[in-house]
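Trainee: As a plain string of letters, each chain reads:
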Amino acid sequence: MATESMRRAAARDDAEIARIANRLRRDVVEMLTAAGSGHPGGSLSAADILATLFYSGEFAFDPADPKNPARDRFVLSKGHAAPVLYALMAQIGYLPHEELLTLRQMGTRLQGHPDSHLCPGVEVCSGSLGQGLSIAAGMALGFKLDAAHEGAELRRVFAITGDGELQEGQNWEAAMFAGNHGLDNLVLFLDLNNLQIDGHVSDVNSIAPIQDKFRAFGWHVIDADGHDVASLRAAIAQAVAHTGSPVAIACSTVKGKGVSFMEDRCSWHGVAPTAEECERALAELDAAYEKLVNGTEA
Amino acid sequence: MAKATRAAFGETLVELVEEGFDIMAVDADLCGSTTTGKLGASYPDRLVDVGIAEQNMIGVASGLALTGRTVFTASFAVFGTGRCWEQIRNTVCDSGLDVKVCPTHAGITVGADGATHQALEDIALMRVLPGMRVLVPADFASAKAAIKLAAKTPGPFYVRLGREPLPEFYGDDFTCDVAFANVVREGTDVAIMACGVEVAQAFEAAKILEPEGISAEVVDVMSVKPLDEETIIASAAKCGRVVTVEEHSIYGGMGSAVAELLSEKHPVPVKRLGMTGFGQSGTAAELLAHYGLDAAGIAAGVREALGR
Numbered sequence: 001m002a003t004e005s006m007r008r009a010a011a012r013d014d015a016e017i018a019r020i021a022n023r024l025r026r027d028v029v030e031m032l033t034a035a036g037s038g039h040p041g042g043s044l045s046a047a048d049i050l051a052t053l054f055y056s057g058e059f060a061f062d063p064a065d066p067k068n069p070a071r072d073r074f075v076l077s078k079g080h081a082a083p084v085l086y087a088l089m090a091q092i093g094y095l096p097h098e099e100l101l102t103l104r105q106m107g108t109r110l111q112g113h114p115d116s117h118l119c120p121g122v123e124v125c126s127g128s129l130g131q132g133l134s135i136a137a138g139m140a141l142g143f144k145l146d147a148a149h150e151g152a153e154l155r156r157v158f159a160i161t162g163d164g165e166l167q168e169g170q171n172w173e174a175a176m177f178a179g180n181h182g183l184d185n186l187v188l189f190l191d192l193n194n195l196q197i198d199g200h201v202s203d204v205n206s207i208a209p210i211q212d213k214f215r216a217f218g219w220h221v222i223d224a225d226g227h228d229v230a231s232l233r234a235a236i237a238q239a240v241a242h243t244g245s246p247v248a249i250a251c252s253t254v255k256g257k258g259v260s261f262m263e264d265r266c267s268w269h270g271v272a273p274t275a276e277e278c279e280r281a282l283a284e285l286d287a288a289y290e291k292l293v294n295g296t297e298a
Numbered sequence: 001m002a003k004a005t006r007a008a009f010g011e012t013l014v015e016l017v018e019e020g021f022d023i024m025a026v027d028a029d030l031c032g033s034t035t036t037g038k039l040g041a042s043y044p045d046r047l048v049d050v051g052i053a054e055q056n057m058i059g060v061a062s063g064l065a066l067t068g069r070t071v072f073t074a075s076f077a078v079f080g081t082g083r084c085w086e087q088i089r090n091t092v093c094d095s096g097l098d099v100k101v102c103p104t105h106a107g108i109t110v111g112a113d114g115a116t117h118q119a120l121e122d123i124a125l126m127r128v129l130p131g132m133r134v135l136v137p138a139d140f141a142s143a144k145a146a147i148k149l150a151a152k153t154p155g156p157f158y159v160r161l162g163r164e165p166l167p168e169f170y171g172d173d174f175t176c177d178v179a180f181a182n183v184v185r186e187g188t189d190v191a192i193m194a195c196g197v198e199v200a201q202a203f204e205a206a207k208i209l210e211p212e213g214i215s216a217e218v219v220d221v222m223s224v225k226p227l228d229e230e231t232i233i234a235s236a237a238k239c240g241r242v243v244t245v246e247e248h249s250i251y252g253g254m255g256s257a258v259a260e261l262l263s264e265k266h267p268v269p270v271k272r273l274g275m276t277g278f279g280q281s282g283t284a285a286e287l288l289a290h291y292g293l294d295a296a297g298i299a300a301g302v303r304e305a306l307g308r
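Chains A and B are the protein sequences, given in the same order. Numbered by the numbering used here, the letters in the first sequence go through residues 1 to 298 in order. Numbered by the numbering used here, the letters in the second sequence go through residues 1 to 308 in order.
Zero decoy hints are in this set.
On the chain B side, residues computed to face chain A include the following (Cβ under 10 Å):
(1) Arg46
(2) Val48
(3) Val50
(4) Ile52
(5) Glu54
(6) Asn56
(7) Val71
(8) Cys93
(9) Gly96
Restraint-style ranges between C-beta atoms, simulated for each label pair:
(10) Ile52(B) with Pro69(A): 27 to 37 Å
(11) Pro267(B) with Asp65(A): 50 to 60 Å
(12) Pro96(A) with Tyr43(B): 42 to 52 Å
(13) Gly151(A) with Gly131(B): 31 to 41 Å
(14) Ser252(A) with Pro165(B): 53 to 63 Å
(15) Gly169(A) with Ser281(B): 27 to 37 Å
(16) Tyr43(B) with Gly182(A): 19 to 29 Å
Hint data in this document are derived by calculation from the structure and do not stem from the laboratory. The beta-carbon is built from N, C-alpha and C at its ideal position, and this holds for glycine as well.
When you get a sec, could you build the whole thing from the sequences and use the hints?
Mentor: The following block contains the structure:
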């Protein structure tokens, strides 16, 4: 199937995407509890962004073949959010759902940070922060050349970085490069939850004004509510329609979103829930799911 | 005619395109020095200059490799392996990408630029990486062969290239394979194992030693990883004593690799000649002589190893 028709085939409505994102969060909580370690905050922060991208109708993937050459590409630069990516790969059908509970265990395909040799749908090993944007920019340039020389359908490259991650200097080498090369098939989500391991990003080493920084590097910047499917969907549509420069979608997010006692707490960056915390988290998420399905709490 | 191994780089890239290979090169503001500019002059879309940004150079090369191309990276060896080592480790090697790290200006023969620009740790840095193959060609012809071998063999490679023009050592018909070592001179008393610029120096050292009654074998250990274990062990077994020589730190370089192999599989006394600290400014010839890495210095090292 060609790229554009794959994009259209994947499209779901906003309500269904919101339900999918809720189920991804549920999976993340269960996976981390079973693993006994991992990073809940950053996965929960990015769940709506990933779900909306994949089911927006603007991102091409083939549920029957994760290696379909006509697919668009997604790079999880904030590789510690691997659990939400794995949950999405299971949602698509690249992994059996029950395999999610093998996260971080000896011999698993679901390594602590994404491994492209092991997990279907993972394009490149990631997790060492600051490297994804360079890789995505190289991919975007490669697809531009394919389109120019071989008449190939222009494939899009999407990446996501955390906000603490933007302190890594390599991002700015890559941002300069992508801007100067006018890579308008490249879209970067900024997951701006303002938390990193040592505290608030604004306290540790502020990246503000992040939108202005990207604009200064030749990017088009769109603001979005990173937990609102309609807002994200509109931003993605604008981003792919934009020509002449790469696009950053600045997503305001809450680390730990969807689990009240994890929200906006940097202590939940890298610890797994206990069994009791897991139950409370799942109860909250299931109640939210009921509301999404029925419009009321169960 | 004397030609630098770096001169083989751009020329070979052009040949690879003409042979039908879908290759690209990514450089970091050194397209003239590394000679990747030759590729860009013939095929502008196949050369990307990221500016002075080696970490991004590796990332962009990785992304291009993920779109189905074989990608060569350049810069100087200090920056092209050191500044971006972790990118090479975690993106290129962990993902097993078709990226060939081929920076130039390795070793003390960089000369006048001095210590900051003389890569003496690059073999060690690359050798330690899982999945990385390491080739150190000795002259222009072997550099061309090494670059072509890297292009034709999937996965990560490091090819160590130098600045200084070197006399022709091999002919144009030189060929090599992965895990290549080559006995370039037969001997019986000591095996001098050398790589890169030191192969020709070791060959001359053997000539100096011959009238003294020392029969030195000379082995070109072009492939530092993987090693040609059979050739190296056979030579060590025959001679019973080994001297290694490289324009690189003795810690972690080719000499270390040979000593590791021999200590496990055929223990013989091994003396390592190379660098133990930073270099300095000077001409390539002056520096090789100063650090005991020219033919006279190697000959002295061999005498010492033999207790003469």
